[in-house]
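Asks: Listed below are the residues making up each chain.
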Amino acid sequence: MNDQLNYYARRAALGLISRREFIGRALALGATAATANTLLSSAVKAAGPQPGGIIRLGIQGGSTTDNLDPATAANFAATQGNLLWGEALLSLVDGGGLAGRVAESYEGSPDAKTWRFKLRDGITYSNGKPVTSDDVVATIERHAGEDTESGALGLLRDIDTVTAEDNTVVIGLKNPNADLPYYMQDYHLIIQPDGGKDDPTAAIGTGPYILKEFEAGVRSVFEKNPNYWGDYGYASTIELIVINDNTARVAALQAGQVDLIDRVPPRTAGLIDKNPNITVHSVPSSGHYVFIMHCDTAPFNNNDLRLALKHGINRQEMVDKILFGYGSAGNDTPINAAYPLYTEFEQREYDPDKAKFHFNKSGYDGSILLRTSDNSFPGAPDAAALFQQSLAAAGIKLEIKREPNDGYWSEVWNKQPFCTSYWGGRPIQDQMFSTAYLSSADWNDTRFFNDEFDKLLVTARGEVNTTKRKQIYADMGTVLRNEGGLICPMFNDFVDAQSSRIVGWKNETPGFALMNNSAPMRMWVKA
Amino acid sequence: MLTRIPAATILGFVFSTLFFLLAIFAPLVAPYGYDEVVSTGFWEPATSDFLLGTDNIGRDLLSRMIYGLQTTIWIATLATILSFTTGSILGFLAAVMGGWIDQALSRFIDLMMSIPSLIFALVILSIMPITITILIVVMGLLDATRVYRLARAVAVDINVMDYVEAAKLRGERWRWIIFREILPNSLSPLVAEMGLRFIFAVLFISTLSFLGLGIQPPQADLGGLVKENAEGLTYGIGAALYPAATIAVLAISVNLVADWILSRTSSLKGGRG
Amino acid sequence: MGLLAKLLAQRIALGLLLLFLISIFIFAGTLLLPGDVAQQILGQTATPEALANLRAKLGVNEPPIDRYLTWLGGLLTGDLGTALTSGQNINEALFRRLANTFFLAFWAAIIAVPLAIFLGLLAVRFRDRWPDKLISASTLSTISMPEFVIGYILMFILGVKLRWFSPTAVGYRPDADLLSRLDSIAIPIMVLTLVVLAHMMRMTRAAILNVMQSAYIETAELKGLSTFTVIRKHAFPNAISPVVNVVMLNLAYLVVGVVVVEVVFVYPGLGQYLVDHVTKRDIPVVQACGIIFATIYIGLNLVADLISILTNPRLRHPK
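Chains as they are written, first to last, in my numbering: chain A, 237 to 763; chain W, 1175 to 1447; chain D, 5 to 323.
If you are wondering where the hints come from, they were derived from the structure by calculation, not from laboratory data. For clarity, every value in this text was computed on a predicted model and none was experimentally measured. Where a beta carbon is used, it is the ideal one built from N, C-alpha and C, also for glycine. Some hints here could point you the wrong way.
To be verified - Chain W side only, calculated, beta carbon under 7 Å to chain D, not exhaustive:
1. Leu-1226
2. Leu-1324
3. Gly-1397
4. Ala-1425
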């Protein structure tokens, strides 16, 4: 029976018989429907990527205010769209590490102060023009220049010189940084003709697709770039459809209006997974839902009070009730197993007695005001209510103030001493720490000023020995966990879902949604 | 006529009274606190401990609904009364006075209505402290513009009736004309409008949470409870339907009573009893 | 009729003045709002330098009066300017979305308004009997639920389970044929109809009942006319004014107030466009939308007033 079944599965995978017909024959041969489906999908994968067809992606986060300039891309829909038509020098690969895109290879000097990126030979933009090292220099100049609006500026501050040598770009740093190549895969730093200086929104790049239609916050249509250098890009057309409403996104997938969606609401994920035509993919990520305290503002300037709050939160309850199990408990550092040089700490548990002890020791006896909004993370007001209850058991009174969704990021976050917030992860520790926990960080949203921590970070940047670096990061984690202003109850998973119309999902991609934005170009339509 | 109250009206009265009593005595009636997390699970089905099951984070749904009813009824009733008195009195005044008073009032109302309510609410939010009182006043006044247009339209029609003309010729003052002639003869559409405005107010409170106005978590209003639990609907979990049904029953009861008042008003007009 | 023409001219002139005032109010209002466009564009991860650079580029450092006058000058020549955030021409994006908004509002109104009035008449005809009760209870139930809940329920049943219509409007293309466009908006139309039905139906019923208690209706009934004839010939014409006003309120809602339905069904209307740009503090777009919405309100109010005047008993039966 198995040979026969496999034979039919191969025929179905090649499109010689229909899926319905295959299932019918499989059932006739005594297989269950589930077995038949599994067989079919592995046969399809074995048959390899098939070119052609259309993949429609229902995506969250787009706004009618979006534009096509990679420098100002600030939401997931914009990022995903830009990464279809454009590429950075490097990209993350499955299982961690970096792969070359516009750059073919890279190497650093032993002191990690000079980095050379050798560009890929003979690749062209979608307008047919060749990519030059001058374009790369111009791109970095545009994002790091004095009059830039780029979201990547923070990453590029330490760059001293950028020069073009034939087909190589040389970046000289003011201080050593062993992680510089990771910065070069940032989604803002897409290589554009003349660095995008003359026309930042032209959407001309080296990506596997060419932008054909764009309506901000509604949809964009991409056609396969026939001259793409690499092997990504199987579907001949990709349509990105912005669907911000969670329920609508799921409904569109269920009804076959789209083939792939991101951000499946955790509460619904379990339900739609039961649908035989839909597969849910849940990937652990480094994104975290947090409560942040300003370490320099009373009463949070007292470390015992901070510890009281850290012991007074029930992390597992939040993972269960706010993330519906699609996530993992946090441990009051922004780092989790999604990072390359991760060291595990003993899990801090909910302990009302310890919370009470530290609270009494702090000498503070008033109530504590927490500001929140659904805009900080989905379910934030509910999480705040749970926090209030678990603190009440320790005799600590938490007062909740719901703030307007509108303007939360400009008026509450990074301004008020205690609020709910969200951090998307970064590919490496250095980037996360220097973005938010270094004394001089642009978004030091916990007002954490710690000399020891700062020194360790600088040491780590110049340390090329990974074992030693790992130890330094562990030490930094300890400092942050015991003294920082971050209460991190949970890391969220990224939950995506696809219909059985497309195949090719790979689960090894670390830490980010939609296979780190590569899903639309690495999946293909089943023949 | 007075002695024979229809069964539907009695039902309406009973439910309305019940809701108002529940609202007043919420802390005595509710089995648990509105903020108390009583279960480690969430969206659990009804049990003898939790008569309507638990909500999205494991609080007793029934208790939350009773407290929600309190918030909702309190705010919606006050806002409705405010919008009605302001809207209808100004509307009648404009109709009876006519001329430039009418023109000025009506165009001012046009202006108020024309400003998108999102912008209106955000501006208010940014220049005033947010308290329940301000919430009620803002809601009431925004709604009053709608009531004004209706009241004025009805009153203009009545204003030209023979009996009003007669009263004017008798030399009655505008106050007499408004309260003795116009008001009784326009009650029917106004009462119908009031019943609906009440529902709109109930729902409006919950939409304001988007703006961070009003109800602070872990407190909730009925509309807010629907929202909190709405995600369960596509999951086959009906927790959101209980508060929604409560709003519906509340709305129907209030409107049944309104209908009855409406039929009673005919006797005020000296028409058929 | 000369009187009417004069009134019309007067009201249009006043309307223009109102629009001018509204534009000032909205401009000043958006300036009062905390937060600025640069921060909103670049989001949580913006650096201070990037913010300052973007502000300079967008011209938001210029004095407000100058910015307002520039905008007003553009408006008078029919140019709504450029969006600060996306750099797009506002005219193009706005009118494309306005057309979508009108398309949805038109079909919802075409179904909802006649249906509401018919149900209202039916309720009066069978007053206090079961059809009246049934109509009242069911319409009141549907407006008791927030519109997104009705939306989710219908989307799930009609779109996902039964597959009768598209669950969302993601397939909506303005240049597609009418049938496929209607398929995209079928469920939104139903939701909107359920949302506005009760208000108009209850008002029709109440306004007619109000008139039905007048002495001349009694006379008409004594003449032996059937109930429907009495309603149609005598009661309804005298009840038009309040009904028209309520219909107008609901039409205005269908055009300017349906942002929730737009979001739930992913329909590219004007509401979402306005909300996105308010969030980003993109004043030129907010201004443009504000003027469009205000024009719609003022226009609808004007129409309602004109109909009220035309149907005023005094005008219809001059002494």
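Asks: When the hints from earlier in the document are held up against this structure, which numbers fail?
Replies: Hint check: 1 fails alone, others pass.
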